[in-house]
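Student: Put together the whole structure using the sequences plus the hints.
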Amino acid sequence: MAKPGSRNAITDVPGIQVGQAHDESVRTGVTVILPDQRAACGVDVRGGGPGTRETDAVQPHTLVDAIDAIVLSGGSSYGLAAADGVAAALGSRRRGFELFPSPEIPVSPVVPAAILYDLANGGDKDWGEATPYPGLGREALANVSGEVREGRAGAGYGASAGRLAGGVGTASVVTHDGYTIGAIVAVNCFGSVRVPGSDAYWAAPYEIDNEFGGVPLPSGPFDPDDWGDAKFNPAAGTNTTIACIATDAVLDPAGCMRMAQMASAGFARAIRPVFTPLDGDTVFALATGGKEMAEPSAFTLSRLGSLAADCLARAIAKGVHAAQAARA
0 MAKPGSRNAI TDVPGIQVGQ AHDESVRTGV TVILPDQRAA CGVDVRGGGP GTRETDAVQP
60 HTLVDAIDAI VLSGGSSYGL AAADGVAAAL GSRRRGFELF PSPEIPVSPV VPAAILYDLA
120 NGGDKDWGEA TPYPGLGREA LANVSGEVRE GRAGAGYGAS AGRLAGGVGT ASVVTHDGYT
180 IGAIVAVNCF GSVRVPGSDA YWAAPYEIDN EFGGVPLPSG PFDPDDWGDA KFNPAAGTNT
240 TIACIATDAV LDPAGCMRMA QMASAGFARA IRPVFTPLDG DTVFALATGG KEMAEPSAFT
300 LSRLGSLAAD CLARAIAKGV HAAQAARA
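As numbered in numbering that gives the first Met the number 0, residues 0 to 327 make up the sequence shown, in order.
You may find that some hints are simply not true.
Claimed, not checked - Label pairs and their calculated CB-CB ranges:
# : residue 1 : residue 2 : range
1 : Ser24     : Ser296    : 45 to 53 angstroms
2 : Gly145    : Ile104    : 30 to 38 angstroms
3 : Pro272    : Val214    : 18 to 26 angstroms
4 : Asp64     : Pro105    : 17 to 25 angstroms
5 : Arg6      : Lys290    : 17 to 25 angstroms
6 : Leu98     : Gly177    : 33 to 41 angstroms
7 : His175    : Asp225    : 35 to 43 angstroms
8 : Asp55     : Ser197    : 36 to 44 angstroms
These are calculated hints, taken from the structure and not from any lab test.
A virtual CB, placed ideally from N, CA and C, is assigned to each residue, including glycine.
Tutor: See the structure below:
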(Lines of atoms letter the chains of each structure in order from A and count residues from 1; the text may use other names and numbers.)
(Lines give C-alpha, C1' and ligand atoms only; values in the text may rest on other atoms or scores of the structure.)
Protein backbone atom coordinates (compact mmCIF):
# COMPACT_ATOMS: atom_id res chain seq x y z
CA MET A 1 0.00 0.00 0.00
CA ALA A 2 1.30 3.47 -0.87
CA LYS A 3 2.16 5.66 2.11
CA PRO A 4 3.96 8.94 2.90
CA GLY A 5 7.75 8.99 3.15
CA SER A 6 9.54 9.51 6.45
CA ARG A 7 9.26 13.32 6.27
CA ASN A 8 5.98 13.49 4.34
CA ALA A 9 7.74 16.10 2.22
CA ILE A 10 9.12 16.57 -1.27
CA THR A 11 12.56 15.93 0.20
CA ASP A 12 11.62 12.26 0.61
CA VAL A 13 12.42 12.06 -3.11
CA PRO A 14 16.10 11.05 -3.23
CA GLY A 15 18.23 13.87 -4.57
CA ILE A 16 15.87 16.75 -3.70
CA GLN A 17 16.53 19.48 -1.13
CA VAL A 18 14.54 22.60 -0.25
CA GLY A 19 15.66 25.97 1.07
CA GLN A 20 13.50 28.87 2.24
CA ALA A 21 13.95 32.47 3.30
CA HIS A 22 11.62 35.31 4.22
CA ASP A 23 11.66 38.99 5.11
CA GLU A 24 9.37 39.66 8.05
CA SER A 25 9.15 43.41 7.49
CA VAL A 26 8.31 43.05 3.78
CA ARG A 27 6.04 40.05 4.47
CA THR A 28 7.34 38.00 1.60
CA GLY A 29 9.66 35.10 0.93
CA VAL A 30 11.27 32.63 -1.45
CA THR A 31 11.39 28.84 -1.73
CA VAL A 32 14.11 27.02 -3.71
CA ILE A 33 13.88 23.40 -4.83
CA LEU A 34 17.39 22.10 -5.54
CA PRO A 35 18.13 18.71 -7.12
CA ASP A 36 21.53 17.24 -6.27
CA GLN A 37 22.18 16.88 -10.00
CA ARG A 38 20.64 18.62 -13.01
CA ALA A 39 17.15 17.15 -13.46
CA ALA A 40 14.61 16.72 -16.25
CA CYS A 41 11.75 19.20 -15.94
CA GLY A 42 8.30 19.95 -17.29
CA VAL A 43 5.74 22.64 -16.52
CA ASP A 44 1.99 23.18 -16.73
CA VAL A 45 0.47 26.67 -16.49
CA ARG A 46 -3.32 26.76 -15.94
CA GLY A 47 -4.06 30.12 -14.33
CA GLY A 48 -5.12 33.17 -16.30
CA GLY A 49 -2.63 35.56 -14.66
CA PRO A 50 0.72 33.75 -14.47
CA GLY A 51 4.14 35.18 -13.72
CA THR A 52 6.93 32.84 -14.77
CA ARG A 53 10.53 32.58 -15.94
CA GLU A 54 12.09 30.07 -18.37
CA THR A 55 8.94 28.01 -18.82
CA ASP A 56 9.52 28.11 -22.59
CA ALA A 57 13.05 26.76 -22.13
CA VAL A 58 11.83 23.53 -20.52
CA GLN A 59 9.38 22.61 -23.27
CA PRO A 60 10.15 19.13 -24.67
CA HIS A 61 11.16 20.42 -28.11
CA THR A 62 13.87 22.82 -26.88
CA LEU A 63 17.66 22.54 -26.48
CA VAL A 64 17.50 22.50 -22.67
CA ASP A 65 16.89 19.00 -21.30
CA ALA A 66 17.54 19.63 -17.59
CA ILE A 67 17.29 22.37 -14.97
CA ASP A 68 19.48 23.35 -12.04
CA ALA A 69 16.87 24.64 -9.56
CA ILE A 70 13.25 25.76 -9.29
CA VAL A 71 12.30 29.01 -7.55
CA LEU A 72 8.89 29.82 -6.07
CA SER A 73 8.60 33.41 -4.85
CA GLY A 74 6.34 36.08 -3.50
CA GLY A 75 6.62 39.61 -4.83
CA SER A 76 4.69 39.43 -8.09
CA SER A 77 6.92 40.44 -11.03
CA TYR A 78 9.59 41.70 -8.64
CA GLY A 79 9.88 38.20 -7.21
CA LEU A 80 11.18 36.77 -10.47
CA ALA A 81 14.48 38.43 -9.53
CA ALA A 82 14.90 35.78 -6.82
CA ALA A 83 15.89 33.40 -9.62
CA ASP A 84 18.64 35.86 -10.64
CA GLY A 85 20.20 35.47 -7.19
CA VAL A 86 19.95 31.69 -7.36
CA ALA A 87 21.36 31.56 -10.89
CA ALA A 88 24.31 33.78 -9.96
CA ALA A 89 25.14 31.61 -6.95
CA LEU A 90 24.89 28.38 -8.95
CA GLY A 91 26.95 29.86 -11.77
CA SER A 92 29.71 30.69 -9.30
CA ARG A 93 29.78 26.94 -8.53
CA ARG A 94 29.96 26.19 -12.27
CA ARG A 95 26.63 24.49 -12.17
CA GLY A 96 24.55 25.01 -15.31
CA PHE A 97 24.17 24.33 -19.01
CA GLU A 98 27.39 24.35 -21.04
CA LEU A 99 27.11 24.89 -24.77
CA PHE A 100 30.90 25.18 -25.12
CA PRO A 101 32.57 23.45 -22.15
CA SER A 102 35.51 25.62 -21.14
CA PRO A 103 36.71 26.99 -17.78
CA GLU A 104 36.97 30.39 -19.47
CA ILE A 105 33.29 30.51 -20.47
CA PRO A 106 30.61 30.96 -17.78
CA VAL A 107 27.99 28.24 -17.54
CA SER A 108 24.30 29.09 -17.91
CA PRO A 109 22.27 27.95 -14.88
CA VAL A 110 18.71 27.07 -15.87
CA VAL A 111 16.42 28.25 -13.06
CA PRO A 112 12.72 28.30 -13.96
CA ALA A 113 10.56 30.29 -11.54
CA ALA A 114 6.98 31.23 -10.74
CA ILE A 115 5.66 34.02 -8.54
CA LEU A 116 2.59 34.87 -6.50
CA TYR A 117 1.14 38.27 -5.63
CA ASP A 118 1.67 39.42 -2.02
CA LEU A 119 2.24 43.14 -2.63
CA ALA A 120 -0.99 44.23 -0.91
CA ASN A 121 -0.51 42.36 2.39
CA GLY A 122 0.62 45.36 4.45
CA GLY A 123 4.37 44.75 4.48
CA ASP A 124 6.99 47.43 3.82
CA LYS A 125 7.36 47.46 0.04
CA ASP A 126 9.27 50.75 -0.15
CA TRP A 127 12.42 49.16 -1.60
CA GLY A 128 13.13 51.71 -4.31
CA GLU A 129 15.35 50.31 -7.06
CA ALA A 130 16.84 47.51 -4.93
CA THR A 131 14.28 44.76 -4.28
CA PRO A 132 14.97 42.11 -1.62
CA TYR A 133 14.40 39.18 -3.96
CA PRO A 134 17.89 38.42 -5.34
CA GLY A 135 19.17 38.34 -1.76
CA LEU A 136 16.26 36.19 -0.59
CA GLY A 137 16.95 33.79 -3.44
CA ARG A 138 20.60 33.46 -2.43
CA GLU A 139 19.61 33.03 1.23
CA ALA A 140 17.06 30.34 0.40
CA LEU A 141 19.65 28.50 -1.69
CA ALA A 142 22.13 28.66 1.19
CA ASN A 143 19.45 27.16 3.49
CA VAL A 144 18.76 23.99 1.48
CA SER A 145 18.31 20.80 3.50
CA GLY A 146 15.99 17.85 3.86
CA GLU A 147 13.70 19.64 6.30
CA VAL A 148 10.79 21.73 5.00
CA ARG A 149 8.97 24.25 7.15
CA GLU A 150 5.24 24.49 6.38
CA GLY A 151 2.75 27.31 6.82
CA ARG A 152 4.08 30.87 7.04
CA ALA A 153 7.42 30.20 5.38
CA GLY A 154 9.32 30.82 2.16
CA ALA A 155 7.23 31.81 -0.84
CA GLY A 156 4.07 31.43 1.24
CA TYR A 157 5.16 33.77 4.04
CA GLY A 158 2.88 36.61 2.92
CA ALA A 159 0.25 34.54 1.11
CA SER A 160 -3.49 34.22 1.65
CA ALA A 161 -5.72 31.31 0.66
CA GLY A 162 -9.05 32.92 -0.05
CA ARG A 163 -9.86 34.66 3.24
CA LEU A 164 -7.59 32.33 5.22
CA ALA A 165 -3.87 32.61 5.80
CA GLY A 166 -1.96 30.92 3.01
CA GLY A 167 1.41 29.26 3.18
CA VAL A 168 3.79 26.55 2.06
CA GLY A 169 2.74 22.90 2.19
CA THR A 170 4.49 19.68 1.26
CA ALA A 171 3.63 15.99 1.08
CA SER A 172 4.98 12.73 -0.29
CA VAL A 173 3.98 9.19 -1.17
CA VAL A 174 6.03 6.03 -1.66
CA THR A 175 4.50 3.22 -3.73
CA HIS A 176 4.61 -0.49 -2.93
CA ASP A 177 7.12 -0.96 -5.77
CA GLY A 178 9.43 1.81 -4.64
CA TYR A 179 8.62 4.98 -6.58
CA THR A 180 8.66 8.18 -4.53
CA ILE A 181 6.59 11.24 -5.44
CA GLY A 182 6.68 14.54 -3.55
CA ALA A 183 5.02 17.93 -3.80
CA ILE A 184 5.67 21.41 -2.46
CA VAL A 185 3.30 24.32 -2.96
CA ALA A 186 2.85 27.97 -2.04
CA VAL A 187 -0.88 28.62 -1.64
CA ASN A 188 -2.16 32.13 -2.44
CA CYS A 189 -5.39 31.19 -4.20
CA PHE A 190 -8.49 33.22 -5.00
CA GLY A 191 -10.66 30.21 -4.26
CA SER A 192 -11.41 28.48 -0.97
CA VAL A 193 -9.65 25.36 0.31
CA ARG A 194 -12.52 24.59 2.70
CA VAL A 195 -16.10 23.44 2.15
CA PRO A 196 -18.56 26.33 2.73
CA GLY A 197 -19.76 26.47 6.35
CA SER A 198 -17.27 23.82 7.42
CA ASP A 199 -13.74 23.30 8.71
CA ALA A 200 -13.34 20.40 6.27
CA TYR A 201 -10.84 20.78 3.46
CA TRP A 202 -11.88 19.96 -0.09
CA ALA A 203 -8.83 17.68 -0.15
CA ALA A 204 -10.22 15.57 2.73
CA PRO A 205 -10.76 12.40 0.61
CA TYR A 206 -7.01 12.29 -0.07
CA GLU A 207 -5.84 12.89 3.51
CA ILE A 208 -3.50 10.36 5.13
CA ASP A 209 -3.19 9.91 8.91
CA ASN A 210 -5.06 13.13 9.80
CA GLU A 211 -2.23 15.20 8.33
CA PHE A 212 -4.41 18.31 8.07
CA GLY A 213 -6.85 17.85 10.94
CA GLY A 214 -8.89 14.80 9.97
CA VAL A 215 -12.19 16.67 9.48
CA PRO A 216 -14.40 14.68 7.09
CA LEU A 217 -16.42 16.25 4.31
CA PRO A 218 -19.94 17.19 5.50
CA SER A 219 -22.80 15.08 4.24
CA GLY A 220 -25.59 16.45 2.10
CA PRO A 221 -25.69 18.87 -0.82
CA PHE A 222 -24.12 22.31 -1.01
CA ASP A 223 -24.84 25.35 -3.17
CA PRO A 224 -22.75 25.03 -6.36
CA ASP A 225 -22.56 28.83 -6.53
CA ASP A 226 -21.28 29.19 -2.94
CA TRP A 227 -17.51 29.67 -2.92
CA GLY A 228 -17.24 29.78 0.85
CA ASP A 229 -14.04 31.50 2.00
CA ALA A 230 -12.93 32.60 -1.47
CA LYS A 231 -11.62 36.16 -1.75
CA PHE A 232 -14.22 38.83 -2.50
CA ASN A 233 -13.79 41.37 -5.32
CA PRO A 234 -10.13 40.60 -5.96
CA ALA A 235 -8.03 42.78 -8.20
CA ALA A 236 -6.65 41.03 -11.26
CA GLY A 237 -3.33 39.31 -10.61
CA THR A 238 -3.57 39.16 -6.79
CA ASN A 239 -3.79 35.38 -6.53
CA THR A 240 -1.87 32.28 -7.51
CA THR A 241 -0.94 28.80 -6.34
CA ILE A 242 2.52 27.70 -7.47
CA ALA A 243 3.95 24.23 -6.98
CA CYS A 244 6.68 21.73 -7.78
CA ILE A 245 6.29 17.96 -8.07
CA ALA A 246 9.27 15.61 -7.98
CA THR A 247 9.82 11.90 -8.50
CA ASP A 248 12.80 9.57 -8.51
CA ALA A 249 11.59 7.87 -11.70
CA VAL A 250 13.53 8.17 -14.96
CA LEU A 251 11.53 10.62 -17.10
CA ASP A 252 12.45 12.77 -20.06
CA PRO A 253 11.14 16.37 -20.40
CA ALA A 254 8.02 15.16 -22.24
CA GLY A 255 7.25 12.72 -19.42
CA CYS A 256 7.80 15.47 -16.86
CA MET A 257 5.43 17.75 -18.76
CA ARG A 258 2.74 15.06 -18.75
CA MET A 259 3.24 14.50 -15.02
CA ALA A 260 2.91 18.25 -14.40
CA GLN A 261 -0.30 18.33 -16.44
CA MET A 262 -1.77 15.43 -14.49
CA ALA A 263 -0.61 16.90 -11.17
CA SER A 264 -2.55 20.09 -11.88
CA ALA A 265 -5.69 18.07 -11.14
CA GLY A 266 -4.57 18.28 -7.51
CA PHE A 267 -5.35 21.99 -7.57
CA ALA A 268 -8.94 21.20 -8.58
CA ARG A 269 -9.21 18.60 -5.80
CA ALA A 270 -8.17 21.10 -3.14
CA ILE A 271 -9.32 24.59 -4.24
CA ARG A 272 -12.69 25.90 -5.42
CA PRO A 273 -12.84 27.72 -7.81
CA VAL A 274 -9.47 27.15 -9.45
CA PHE A 275 -7.62 28.13 -12.66
CA THR A 276 -9.54 31.39 -12.70
CA PRO A 277 -8.57 34.47 -14.77
CA LEU A 278 -7.41 35.90 -11.43
CA ASP A 279 -4.91 33.12 -10.62
CA GLY A 280 -1.48 32.26 -12.02
CA ASP A 281 -1.60 28.56 -11.14
CA THR A 282 1.60 26.80 -12.25
CA VAL A 283 3.09 23.35 -11.60
CA PHE A 284 6.68 22.31 -12.29
CA ALA A 285 7.64 18.62 -12.36
CA LEU A 286 11.14 17.23 -11.80
CA ALA A 287 12.57 13.75 -12.30
CA THR A 288 15.80 12.90 -10.51
CA GLY A 289 16.13 9.64 -12.44
CA GLY A 290 17.14 7.17 -9.77
CA LYS A 291 14.58 4.45 -10.58
CA GLU A 292 13.89 2.98 -14.01
CA MET A 293 10.33 3.04 -15.33
CA ALA A 294 8.52 -0.29 -15.30
CA GLU A 295 7.00 -1.41 -18.58
CA PRO A 296 4.64 -0.44 -20.04
CA SER A 297 6.09 2.98 -19.27
CA ALA A 298 2.91 4.83 -20.29
CA PHE A 299 1.00 2.98 -17.58
CA THR A 300 3.69 3.74 -14.98
CA LEU A 301 3.67 7.41 -15.95
CA SER A 302 -0.12 7.39 -15.56
CA ARG A 303 0.30 6.05 -12.02
CA LEU A 304 2.91 8.66 -11.15
CA GLY A 305 0.78 11.50 -12.50
CA SER A 306 -2.29 10.35 -10.58
CA LEU A 307 -0.32 10.02 -7.34
CA ALA A 308 1.25 13.43 -7.95
CA ALA A 309 -2.21 15.01 -8.18
CA ASP A 310 -3.27 13.41 -4.89
CA CYS A 311 0.01 14.47 -3.29
CA LEU A 312 -0.39 18.06 -4.45
CA ALA A 313 -3.96 18.23 -3.09
CA ARG A 314 -2.67 17.04 0.30
CA ALA A 315 0.19 19.56 0.24
CA ILE A 316 -2.23 22.43 -0.41
CA ALA A 317 -4.41 21.52 2.57
CA LYS A 318 -1.36 20.88 4.77
CA GLY A 319 0.12 24.28 3.99
CA VAL A 320 -3.06 26.20 4.77
CA HIS A 321 -3.72 24.08 7.87
CA ALA A 322 -0.22 24.82 9.20
CA ALA A 323 -0.72 28.54 8.53
CA GLN A 324 -3.97 28.56 10.55
CA ALA A 325 -2.27 26.74 13.42
CA ALA A 326 0.49 29.35 13.47
CA ARG A 327 -2.10 32.13 13.76
CA ALA A 328 -4.04 30.43 16.57
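Student: Which earlier hints turn out false for this structure, listed by number in ascending order?
Tutor: When the structure is compared with the hints, none of them turns out to be violated.
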